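Peer 1: Going by UniProt numbering, the residue at position 168 of the sequence shown is 168; the numbering climbs one at a time, nothing skipped.
Bear in mind the hints are in silico, worked out from the structure with no lab data behind them.
All figures in this text were calculated on a predicted structure; none of them were measured in a lab.
A few of these clues could be false.
[Unchecked claim] Pair ranges (Cβ atoms, derived):
no. : residue 1 : residue 2 : range
1   : Glu153    : Arg278    : 45 to 51 Å
2   : Gly202    : Leu51     : 37 to 43 Å
3   : Phe154    : Lys193    : 26 to 32 Å
[As the list claims (entries may be wrong)] Calculated pairs, BS3-like style, for lysine-lysine (alpha carbon to alpha carbon, straight line, at most 25 Å):
no. : residue 1 : residue 2
4   : Lys32     : Lys63
5   : Lys32     : Lys61
6   : Lys149    : Lys23
7   : Lys47     : Lys26
8   : Lys50     : Lys64
9   : Lys61     : Lys75
10  : Lys228    : Lys254
11  : Lys75     : Lys50
12  : Lys200    : Lys149
From the three backbone atoms N, C-alpha and C, an ideal C-beta is built for every residue, glycine too.
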Amino acid sequence: MATVATMTIGTLATTCAAHYCGKFQKQQMAFKDLRLRLTNEILNGIKVIKLNAWEPPFIEKVKKVRTKELSSLRKYSLLQSAFWIHLGDYPFLRLCWHHSEHSCLVNPANQLSPSLAFTCLSLFMLLRLPVYILPEVVSRFIKCRVSLKRLSEFLDEADLKEDMVGGIPEEGAAVTLSQATFAWSKEDLPVLKDVNLNVKAGSLVAVVGSVGSGKSSLLSAVLGALEKVSGSVDVQGRIAYVAQQSWIQNATLKENIIFTNLVDEDRYRKVVEACALRPDLDMLPAGDNTQVGDKGFNLS
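The whole structure should be built from the sequences, with the hints applied where relevant.
Peer 2: So this is what it looks like as structure tokens:
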């Protein structure tokens, strides 16, 4: 009976520990993601931060997130350590409970024979290895469960709707928006409402306005990057998009220019001349075969 009670208590303790370990692990991973995202943004804008001497507030911001991450990690580690200690003593505790029960209840003479004692001891010692391995198994299971849940949330995201942008604008137009309303996601409030826009083919259009007025949102809507709530968006032909932050491959200059297209030397030459890149390429020993490097570090 004592053995069954000890096993029940051990099982309940394992279940509770696994539940809270998973909770703290999930919190720690969320704070870790936030810290890495902040660090990445700081490193991308390190030049501006250094020029304006903004290091202290940004360091403080990262430290606050790191403190929360360490708090969750500390709780997880303490619980994991207590779990290890508990399961390490588990066979010994079961042995003590069993002998106490036998001496006090089963055998009125309070005698425990050596044959019974050593047999029980041998059996309980067989449990030591499985019990020692159990915390590691539980720990890895919790980490796998948290990681799988994060992957599942990403993989279960809705696919980009191909009908977000149509291909038949009004006659003579390159881009047409008609009573279009957009939001960044289905759960968010609309950022653009009842937009009507008609861009004629061959025209040059600049979108200007104050900060936060919706310039980037409008361009994202034309690209199909926003959730279309109502209305219609039609674009004639293909779109060439040049982002504010350039995306540079760790490849040669020529490969960055042509991207994945087949090489058309005549067109390639015209592009280089139109972008006034020829003088820059002539300065490089390897010309357009120069390796750009990660984020263009070889060119800076």
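Peer 1: Regarding the pair Lys32 and Lys61, is the alpha-carbon distance no greater than 25 Å?
Peer 2: Roughly 13 Å separates the two Cα atoms, so the pair holds.
Peer 1: Quick one, are Lys149 and Lys23 close enough, alpha carbons at most 25 Å?
Peer 2: 12 Å, holds
Peer 1: Given the proposed pairing of Lys50 with Lys64, does the C-alpha separation stay at or below 25 Å?
Peer 2: The hint holds at about 21 Å.
Peer 1: Going straight from one Cα to the other, do Lys200 and Lys149 come out at no more than 25 Å?
Peer 2: 47 Å, violated
Peer 1: Note whether the CB distance of Glu153 and Arg278 lies within 45 to 51 Å or breaks it.
Peer 2: 48 Å, holds
Peer 1: Below or equal to 25 Å on CA atoms is what counts here, so check Lys32 against Lys63.
Peer 2: 12 Å, holds
Peer 1: Taken at face value, is the distance from the CA of Lys254 to the CA of Lys228 at most 25 Å?
Peer 2: Outside the cut-off at roughly 37 Å; violated.
Peer 1: Does Lys50 lie within 25 Å of Lys75 when you go C-alpha to C-alpha?
Peer 2: Outside the cut-off at roughly 36 Å; violated.
Peer 1: Looking only at beta-carbon atoms, does the pair Gly202, Leu51 fall within the given range of 37 to 43 Å?
Peer 2: 41 Å, holds
Peer 1: Within a Cα-Cα threshold of 25 Å, do Lys61 and Lys75 meet the stated pairing?
Peer 2: 22 Å, holds
Peer 1: Would the pair Lys47 and Lys26 pass a check requiring their Cα atoms to be no farther apart than 25 Å?
Peer 2: Judged against 25 Å, a Cα distance of about 34 Å means the pair is violated.
Peer 1: Does the Cβ-Cβ separation between Phe154 and Lys193 fall within 26 to 32 Å?
Peer 2: Hint holds: Cβ distance 30 Å, inside 26 to 32 Å.
Of the numbered hints given earlier, the model fails hints 7, 10, 11, 12; all others are met.
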